[in-house]
Each structure stands twice: as structure tokens, then as C-alpha cells.
Amino acid sequence: MKISAAIKEKGLWLVPLIVTILLWEVVAGYVIKNPLLLPRISAVIHSIYTLRALLVPDILVSLLHFSIGVVLAFLVALPLAVAMGWFEPVFKAIDPIIEILRPIPPLAWIPLAIVWFHLTHYAAGFIIFIGAFFPILIGSYTGFRDVPRVLVETGKVLGCIGNRKLIRYVAFPYALPAIATGTRVGMGVGWMCVVAAEMFGVGNSGLGYRLFQKFYFLHQMDYVVAYMLILGLLALIIDRVFRHFVEDELLRWKKGIVK
Amino acid sequence: MRGRSITSVIAIGAIAVAMVMIVGCIDSETPVEMTTIHIGYQPSTHQIAAMVAYEKGWWEEDLSSFGIEEVVMKEFPSGPPEMHAMLAGDLDVAYVGVAPPIAAMYEGLDAKIVAGAQTQGSALVIRPELAEEYEREGPLALKGKAIATFPPGSIQHTVLSKWLLDNGIDPETDVDIKAMGPSDAATAIGAKTVDAVLLPSPTPTIIVEEGNGVIVEWSGSIWPDHACCCVVASGEMMRDHPELLKQIIKTHIRATEYEIAHPEEAAEIYAKLQNADTSTIMHSINVSDMHWIHDPHVEVESGLEYARVIYELNSERYEERGLEVLGEEDIFDTSFYDEITG
Amino acid sequence: MNHKLKLRNVTKMFKSEEGEIKALDSINLEVKVSEFLCILGPSGCGKTSLLRMVAGLDYPSSGEILLDGETVRGPSPDRGMVFQEYSLFPWRTVIKNVTFGLKIQGVDQEHQYEIAERYIELVGLKGFEQSYPHELSGGMKQRVAIARALATDPAILLMDEPFGSVDAQTRNLLQKELLEIWKRTEKTVLFVTHSVDEAIYLADRIAVMSARPGRIITCMDIEIPRPRKRTSMEANEIREQLLKLLGSNNQKTT
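Protein sequence lines correspond, in order, to chains X, R and F. Quick note on numbering: the first sequence equals residues 1 to 259 in the working numbering. Quick note on numbering: the second sequence equals residues 1 to 342 in the working numbering. Quick note on numbering: the third sequence equals residues 1 to 254 in the working numbering.
Derived by calculation from the structure, the hints in this document are not laboratory data. Since we're looking at a predicted model, the values are computed, not measured. Be a bit skeptical, because a hint or two may be false.
Unchecked claim - Some, not all, of what chain R presents toward chain X, calculated at C-beta under 7 Å:
id, residue
1, ALA103
2, GLU107
3, GLY153
As the list claims (entries may be wrong) - Far from chain X by the CB rule (all over 10 Å, computed), these chain R residues:
id, residue
4, THR251
5, ALA261
6, GLU268
7, HIS297
Said to hold, decoys possible - Covered stretches of chain R, going by a simulated chain X footprint (3 or more residues, C-beta under 8 Å):
id, stretch
8, 7-15
9, 309-320
C-beta: ideal position from N, C-alpha, C; glycine also.
Generate the whole structure from the sequences, applying the supplied hints.
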């Protein structure tokens, strides 16, 4: 009984995954038959093995760019979010500027980034910063703006006098789930900018760098797809790790409400 | 529970059908009458022949009797992206360095070099502040520096790599080679983001005129008479439209002879199409060591050398696939040219 | 006469599209020490505004509010408040909610828990210290809110229709428990409601308010001994009187 239930649960996502892999292999190998158009997944997996010496430094460098960008985005966005979320005049003053800058795609910032930071890790980090910043900001200030009045007043009548105390003891804990969600989305966008950030030759390694500066120009499509998969997998891992530490631990109280 | 498994089966079936349909569309290449031709080229004075034929309407004129109604010229910053497009089937003919198509052929490009376009003509430019160091130490002055050039697989990248290797410098570890297009590289050396560039004309001259660099080597002195640009034709062109291809080569020869005879007009045409300063372009043509040519045979020797260098740089991958260094018959098809010139 | 809370000529004006509206008109009220005073009035009569001003969450346009002889200026744990809406901090457990006020005051942790345990037991929630608010029923949540307000040992306990969100049976039960808590702690309680039955059951004295602009029509002493029967004759008589008072002002009430 228990085994079949477990199989059914795993089967729900495992079976389509296996079928997709098999389909890919068959279509690539026997229908399309052009490794430039669609490399076989067996070739892609073999490439991952072939490239193992390059993969580790590339992953580390990409993670470095990613960390620079995300950490900076968080450090800048959070205080701004507190100010915008708690003080309405600040929000009204700054929001128009944010709304103009926000839709600009991170890629469009690349020429400026190269001029400001030259071809260094900071230029790459900057593009990722742009990508991660807005989701973190907006998620966080939404959390602060949404604090129910009754909780703020409860805080006041229990002795939280002054904005600092209210922000620290009432608004911030309330906004924490929104901050976490914004950060998670921001990290997702930031990671997508890794390739864009690195493809312009900032530095000498990195997943995006190697994909665009080496594999693409030499038409090594199986290597390209291998790196694409690695990029996707890393994003998944980062997201899951974040969710485990933040949502499972810090935000246990939210679990009951959302269901 | 039954409902779920049926849904999964239907979903998978739908995906399968969709994929087969997509594949079917890709495969439906029945040789049709060609009415549009796509010609790839780069913004370099090496390839003015293509621009002359375009500007003077020779492409349309000469090819209309073969049923061509439209000639589409596609510009690329450098060879590798141009060959990527050709791999995708987007180009019928390409003006490109000799190295990129060879790199693409190792990955299965169905095309051959059918005519020459130009030899030599690229220059190593270094920042003015480093000129003294270069005078003293020569190539070794470039150790630890950042050099911008065209992407891996291009003539410039290959020439630079070969030159570094010949001078005992490891292109992977002793220098920081950054790949970019000509305008990006010019900006980079101006912003001191890189210390040197190796680029085809006219960009080196433009950089010097802007005061951002000093030309210290021409590629012809690094590698005498090395082939640079050529004309590549897709396998489909060669097999399905041989007469059309022969005419294209004839038009190319006509344009090449014209530019050789009228360099000032050539400079004007380039300046007009590329929004550049005519006198700068004229100056670049004068100081550059390039030769405009049309005979593919002249390019065979250095072409084979490129094939060897590219093989060396990617030997692990090619060996794994059982590939060998490409030979003359793999790279060149001079039959069309030979038929025309008799 | 020992008066805990004095309201003198309290008037409140609101600005709106139609100009200035008088919400409260010259309220004069005195609450005795340990008295359970109900403010009874129809919806919109300003009773909540009045309570909020006592809490310090709002300010009178004219007049003054004195607690133990001192003018009220802003909110303070000295005036504990239980709101109508559920107001527990969802990210804190029951015990951490109750210790909140103590923590802000700087009481050390051991002490915090000691005091909190006492009040949690008082409201009948012993064993639920580690539960989160989302795990509690509506009635339990309000009990925790009461414990939390009492934990800081306020001079007066303010309650704004705290049982409005729960079902009738739970409400009756909570009213009974509230009276027990009041007896044990001897707090002064100011309780706002629109329910005549609730006021009769709970109050020592009922201040009846008119519709807007809110005025105190009359203060009625309820001398029925506790525990009170909701359906006794005396209760019914008083109910009739109150309904007439409220009805004659043409407003809805229960």
C-alpha cells in the first residue's frame, strides 16, 4: 500500500521527465539527425563529463557574479523598501522613478555597465544587481505597505512608540514573507542575467562567458546545451536551498495560513 | 487515479505530435526556384568588393537573368556569428575570413570556399602608453595584458594565437584575450579597458586617428601573405544552382578588379555605407598591407595552416569525434573559379 | 470618589467632503476604580472613536481625557486595549504574543514568561503557549488578546466589541469568562458594544450614546447581582428601557 502510494507520488513528476528525456534522444538521434540543430541528450551528458575540468571554475565564477549582484541588490533594496513601505511621502516621491527604471531590461544596462565598471566581475555583478533589485524592492515594500493597521495600533498600545520600534517589532516581522518572496523572485531574475552579464567578455570564465564566447562562436552546440542544463540546474538548487533555509525555518508560521 | 494517467498519456502524445510536426517543417526543403539570395558580409575594407557590387547594382543586374528578384545583404560584426547563421541555412554566399568557415566545417558546415577576396590587412594596435615597453621587449611585452580581437575561430583570433604561440606566449594563460566586434574593441581600447587589439582594417587606422593607439605590427609581417577574406558558397548553391554561383563569382571578380583600379571610389562607397569618414578610410586603405584578390588558389596554403591551428586548439573534441585535420578538398572548391577563368 | 478615568467635554470633529462633521459632542464621563462600564450605542455613534481617544490612538478636538488625574497623550501599555479584529501577531506564538508588551518594557526573559504563564492560565489557555495564532479558534484568539493586554498590568482595560467576530455561544461563554477575569484582577474596564444584551450581562453601569453627533443620553446603573440571568425579569425590564432610549433616537441596534 505504502509503496504504491509512494510510486504514484514520484511517478507524477518522474514519468513525464523520463518520457521527455527519451523523446529528446529519439527525436534528436533518429528524426532530426543534425547535432547542430538539436544535440542528443546522450551527447549533452557526455559533454558535461568532458567539460568537467572547466565546469567547476565556471560555476564558481558565475556564482561569484551572482552573489555580488544579489547581495548588493538586497542591501540596497531593503532599506529603500522600508522607507518606501512605511513612509507614504517617500513612496510617492520615489515610486515614479522606480516605475520608469524597472521595465528597462537588464541587458540594456550592459553598455553602461562596461563603461562604469570596465570588463570586471563588478560589471557582471551590476547586471545581475539590476535584475535582482526590483523584485526584491517591490516585494519588500509591498510587505511593509500591507501591514494591517490593527497590528500597528496593537504595537503602539503595547508600548512600541516611534517608527523605529514599530518597524522593528511589528512591520518587519510581518513583511518578512513578502521580503522572502521578493528575494526569491529577484534571485531567479538575477540568475537569468548571469549569461547576459558574462557574454560580453567580462572576465575569463563563468558559465555565460564560456557559452557565448567559446562554444557559440565555435558552433559547439552540444557544449552549449550542456551549459544551458547546468544553468537551469543551478537555478533550481539555489532556489530550493533558499526555500529550505528561509521558508521552512524562518517562516514556519506562514505555512498554516497559506494552505 | 485513472483520470490522471490518461491525462498524462494524452499530454505526452500531444507533445510528440507537436515535435514531429516541427521537425517535418524543418525537413521540407525541396529544391525550389530561388528568387531571393542572401549574401553575408562584414564591415571591413577587406570586403569592399561586396559593397561595390551592391552599390553599383551589379548583384541585381547580373543575377536577374537567373531568376533572382531580391538580393539581401546581411551584415555581421565578425566571422563566427556569420558562420553560425550560415550553419542555420540563412546565408547562400558569405564574404568572410578563411578561418571561421573552417571552424564551422569541423562542426558540419556544408559549404566550401569558392573564391578569394583579400590577404593580410589586420593590425596589432597597442595603447600609446605601452608603445615604449613594446619597443624594448617586443611581443613579450604583451604578457599579462588584455587583448581584444575577433572571437575564437576567426582569422584575427587564429593569427593572434599563432603569433603568441610562436613567441612563447600561451594564449590561454599568459594573456587575457577578449572577443568582441570591431566597434566594441575600438571603444574598449579608448576606454583603456584593454591594452591591445588585433583587428582588420579600417578599425586600426580609426583608432590611431582618435589617438587611442599605435599600430605596431601588420598581420602580413606576423604571417606573410596569410589568407584573410574569401567567398564561401553553401553546399546547396554549389549543387543546385551552379550556373548562378558561377555568375556570382564573375560579378565578384568584376567588383574586385574595379576596387583595385579605383581605390578612392572604393573608399567613398565604404564610407557611405558604413557612415565613416572618407579620408580616414582612404588613409586606411593606403597604409594597410592588404591585397584585394579573387583567386582562391592563393589562399590554399594558409587555409590549410588555419585548419591545422584550429584543430590543435580543439584537438580533444575533434579527436573524440574521430575527425581529422581538414584537407584541401574539404575546404576549397576551385572548380567554379577555374571554369570561369579558363 | 476615586475616579480612574475622567472625560471632560470631549468633542471630536472630522473633516469630510461635506465640510466639518461633529462626531462626538461634549462627552462627559467618569469611570470609577475597578468599575465595569459599558458604552452602549448604535453603529456610527462614535463610541469606537471615543475609546480610541482614551487609548491615545486619536485626539479630541476639544476637551480633555484624564487617567489617574493625568492627561492622556498618545498610546501606552498603561491603557491596555483589545480590538474588535483579531490582533495577535501571527508570527509569534501565544506566549510570545503575551510577553510582547513586557519585552518592549525591558522586563527580563524569565520574568516575562512567569507573568505571561499566569495570564495564559487566567484566560484558560494553559497548554497552548507554543501554539501559533492560526492554530487557534476565534474565541481563543481573543482570550490571548485579553491576556496580552493584561500582562502589562494596565491601569484600565479598554475593549472595543471584542466578541463581535465570534458565534453566539462562544460569545456568551467569553462574556462569562471575562467577568471572572475581571473579578480576579479587579481591573477598571471600559467596554464598548452595540449589543444591549451584552451590556446588561456585563456592566456595572451603562453609558447610553445617541446617534451622530454622539452624546451621552444617560448613564444607567445596573444593580442586578452577578452571576446574572440573561432572561430574568429585571434584565428584560432594563432591556426594554434601553431599547426605548436607543429607539427614540431612531437608530439600529440589537
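Of the numbered hints stated previously, which ones are contradicted by the structure, given in increasing order? Hints that this structure does not satisfy do not exist here, as all of them hold.
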